[in-house]
Amino acid sequence: DITADTVVILTNAVYFKGKWAIQFDPAQTKKGKFQLVGGNKVDVDMMNGEIPAGYGHPKILNAKVLELPYMGQQLSMVILLPDKTSSLTELESKIFEEAFDLSGILTNHVRAIEVNVTLPKFKIEVAINLKGPLRKIGMTDMFGGNANFSSISDTLPGLKVSKINQKVFLEVSEEGTEAAAATGKLLI
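Taking UniProt numbering, I'd label the letters of the sequence shown as residues 1 to 188.
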């Protein structure tokens, strides 16, 4: 919502489209059960295939690690699946620890093998107003009188963020992955 008070609009966007190094055969995509965080299971399209990929089971994570390479072998998707004796919440807490070293885990605990992969095919779009979450983690100055945007403009004193929204898109299919994110900030 751009108003007469809006002085500056800041935006940024990122985009990625990568094809799997070895693509899934669409004929092998079948309906299957996918377990949600709460334990409920839903029917979704599951891609299936014997894929050369990185695979490991590092005990420090209590999770299986799958690294699916994209064409060119410079980028990959890393998927972590908690063990049945662990939970997604426990895995998330390990990932968000300051000492978490994904590169070290991939180097020391994952090896290239043929893996029988079953992966949900999905598309997600999410739009969120980030003002509340940013305030919750203590980023409050930008929204009030303590905001300092002098590096943007020294001729517009008192600039502050009135809105900050983000939209994210992610699609994983037999061909690969497409992802985009855009964030917009309105300053008044």
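These are calculated hints, taken from the structure and not from any lab test.
Note that the coordinates shown come from a computational prediction; the quantities given were computed from them, not determined experimentally.
There may be inaccurate statements among the hints.
Below, in silico cross-link-like pairs of lysine-lysine (BS3-like), each with a Cα-Cα straight-line distance of 30 Å or less [stated by the list, open to error]:
id, residue 1, residue 2
1, Lys-160, Lys-121
2, Lys-123, Lys-160
3, Lys-64, Lys-131
4, Lys-19, Lys-30
5, Lys-121, Lys-59
6, Lys-33, Lys-19
7, Lys-185, Lys-160
8, Lys-167, Lys-19
9, Lys-167, Lys-31
10, Lys-185, Lys-33
11, Lys-84, Lys-131
12, Lys-64, Lys-94
13, Lys-121, Lys-17
14, Lys-59, Lys-84
15, Lys-64, Lys-30
16, Lys-41, Lys-64
17, Lys-31, Lys-160
18, Lys-30, Lys-41
19, Lys-30, Lys-163
20, Lys-136, Lys-121
21, Lys-136, Lys-123
Derived Cβ-Cβ restraints for the label pairs, each shown as a range [claimed, not checked]:
id, residue 1, residue 2, range
22, Glu-114, Leu-170, 44 to 54 Å
23, Ser-150, Glu-98, 28 to 38 Å
24, Ser-87, Arg-135, 50 to 60 Å
25, Ile-9, Gly-72, 33 to 43 Å
A virtual CB, placed ideally from N, CA and C, is assigned to each residue, including glycine.
Exercise for review: Please write out, lowest number first, the hints stated earlier that are contradicted by the structure.
Suggested key: 1, 2, 3, 10, 11, 17, 19, 20, 22 and 24
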